[in-house]
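Q: Given these sequences and hints, build the entire structure.
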Amino acid sequence: MLTEKMEEYLEALFKLSCEEETLTPTRLSEYLGVTPPTVLDMLRRLEAEGFVRYAGVAKGSGKGKGEGRARRAISLTPKGQRAAKTLVRRHRLSERFLTDVLGLDWESAHREACRLEHVLSPEVEEKLAEMLGNPETCPHGYPIPDEKGHIKEEEKIKPLCDLRANEKRCIARVEEEEPQLLQYLASLGLLPDVDIEVKEVAPFGGPLLVKIGDTQYALGREVASKIYTKQGRGPRRRGQRRMGDARKR
Amino acid sequence: MKQERLEQLDKIREKAEYIFALAGNPNVGKSTIFNRITGMGVMTANYPGMTVELNIGMTEMDDLKIGIVDLPGTYALGAVSEDQMVARHGVLQGQPDVVIVILDANNLARNLYLLLQFLDLRCPVVAALNLVDQAERAGTHTDVELLAEFLGVPVVPTVGIRGDGLDELMHQALELARRREEYITIPFSYAADIETRVRKLARRIERKLEEFPYGLSPRALAILLLEDDEEFVAALEEEEGEGGELIAYCRQIADEIEKEHGEKAALIIARERHGIAGSVASNVQERREYDRPRLGERLWEYTTSFKTGIPILLVVMGLVFLAIFWGGGALADLFSRFWDSYIGGPLNQGIESLFGVNLLSQSLGWAVDGLGAVLEIALPYLLVFYIILGFMEDSGYLNSVAFLSDRSMHRLGLHGRAVIPLISAVGCNVPAVMGTRVLSTRRERVIACVLIVLVPCSARVAVIMGGVSRYVGWAPALLLFAILFVIVIAAGLFLNKVMPGESTGLVMEMFPFRRPSMANVLKKTWLRLKDFLYIAAPLIVAGSFVLGLLYESGWIFKLTQPLEPLAEWWLGIPAVALLALIFAFIRKELALALLVVLAAQVIPGVTESSTLLDFMSKGQIFTFALVCAIYIPCVATLAVLWRELGARDSLAITGSTVILALLLGGLSHLVLTLV
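Protein chains in written order, with numbering that gives the first Met the number 0: chain Y, 0 to 248; chain W, 0 to 674.
Possibly wrong hints are sitting among the right ones.
Facing chain Y, according to a computed beta carbon distance under 8 Å, are these residues of chain W, among others [what the hints assert, rightly or not]: (1) Leu266; (2) Tyr301; (3) Thr307; (4) Gly504.
When the alpha-carbon atoms are kept at most 27 Å apart in a straight line, the in silico DSS-like pairs for lysine-lysine are as follows [what the hints assert, rightly or not]: (5) Y/Lys210 <-> W/Lys306; (6) W/Lys258 <-> Y/Lys229; (7) W/Lys258 <-> Y/Lys4.
Keep in mind that the hints were calculated from the coordinates and are not lab data. Heads up, the beta-carbon is just placed ideally off N, CA and C, and yes, glycines get one too.
A: As structure tokens, this is what we get:
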């Protein structure tokens, strides 16, 4: 049986595995904010239950194996994957519900969802998804696994300058090397999760004509190469609230 | 220079009861509204960055004097480029009683961002919803009352170019100024977690600081600090003790925000503002979508698409040349006939009968011819050229040109944005040099200034068209423009090579075509001509008079003698012609005008249309125009260069253009004698 703590670990492992290639106890302890011994202890329990695979420390002692140990990674078993995906799905569905329906802000929604994910029954989970219209992403823009645990393949992130005319994508991030440029672009509304449509691409490394909202901008190649885009439309994100909230006096 | 304008503002403040500032995004029509309100003539155009300085004017309302400050357009009150800094200081240091924020009804959401910033600063704000006519035509309807209710500030729909709604706008602003003491600006509140932190920081600021920079509220300061605003962070760092502690606290809060949201606090705040702006806009606007793009839009797409855009650009340039060639030529004929039969002849006779034949009357005869040259040669070409320029500016075609040329401009060390000052240099170099302030690095500004100085301004166009195309032929005139074009390109390529650094990127809002208003085009033409008629024309007349005095008294030969080797041997033109070129340092129009006068006086009695050709050969006229087009910017351009770039660079530019002009002039002479 999974305890709430164990579920937290599975979830953390799943999220980290989406971002990084190798999972180590050190990385996990940083992420969860606990000491490495605690992590190792928990990993052993999870391994015993068949949720993760990890050739623990105890086995790998002795000369010549240190190297191998350092590279040794934690991985989720199919059983662990399933459990983790369910949790992630419940978490992200809850977030959607809390922001879209109850109007909570982003972080409160995240905190509440951390609690809700452990107590939702499969039935509630299903009804929740139905009511929300089976959303594909959480408010932060991460994908929500479907009931079978499939995650919509996340498209590769492409710089804006690699797009063709008439492509509609969504800004994933803007390089932060030049804070001034970043701030200027932000004041124009060129922010992550904003939809962007390429209207025209001048040939021979010329500029791009893009449309954001009602405005068209000419962006030089070097600027466009610093803006990364992803597939699909931007999720509803913070800021887009009902007017009443912003006009609290 | 910034200081200069602010001092001017202080002077106005002494005279005026209230000061209103006009703020808004670039190209929303601030200057047009400014002109309407103050009756002044500030240049306007349909592209961003026309205004780069504070324009200051006065108006009267209810027997009260009101100072009006027109700020350069800006998307935010940040400190990215110099024109934006001017806008920011105009508001922060200028301390206007009311900020009139001008919004483009076509693009409300993005425009509201700046207004929200003003609300954050607690400036008393009145909003003008400009270009409503255009928005309605495009199918966007705005509920003005609802917008005013959301924003908590008065909102007045306006059509700046026609003056609709401006009385009401001024009335509302005055109302607000009168009850400024009791009026409280209520900013929007951000999402709960951000707002709590802003307030926490504001409370700390309130406790720790005794004086707030620019009299800003603690909350406004808190937001500016969280946005990592360079100026305010630097100001706090200078404060003893408390300042450093505050900054540390602010960093801590900013870190908290960043940790929670995975984005910098400055971005989160920008996102918040966009969010609020977006939901206000979508709540108050309704739009009808058209199935087919409208004609203007389709045309616009053709001009920005590479395949069709380049041919269109070439055709437009050709048409402009032809229009000046035919239109200017026809007008010149007309004016010249009118002058000879009604003014010139009688005037000369009158002078002779009044003074007899002596040095004075002879010199006055030169002055009369100078006046004739103004009317016959300079005015017709300038008139046609200014009308065309006005149409080009107001249509917004330059936006498309900037887009098309971005890549080529990179080769010259610039980017598409620099095209706008470069093309406006064709009107006059002076505002173009000031217009380089929209560029963000000094390297770009220096390169742009050099190129601008080499772009023939309207006066030089008049010299080329009135001299070369009229007396020599259209093909040599076109060749001359081609040579100048090549020089500009070569200079850019060269500077891009030798100057350290590289070009930054283009980020420019693109504006769709607007139908130019004939009235506005004519008004701008008049404003430009006024400058010519009031300053250049008297100079030409006076210059002719002085030249006459020198000539009739025989002094001129002493003056021209040292010039002879350079003029006759090297350039192959009469030494007096070189003297005319030197005079033209004051105003470039002088060059041709004086030449025409010289021709008429030195070789009298020939038929009027061929006078110049009797004085100089076709080849000489060509060389003369070439040297005139390249050497030293006129004195006004030199002055503005000095102000923008400093003594060293401006003198270097002047010196190298003189050398280049003499080199090419000599080369032209050499080639022409060989051929």
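Q: What hints, given by number in increasing order, does this structure fail?
A: 2 and 3
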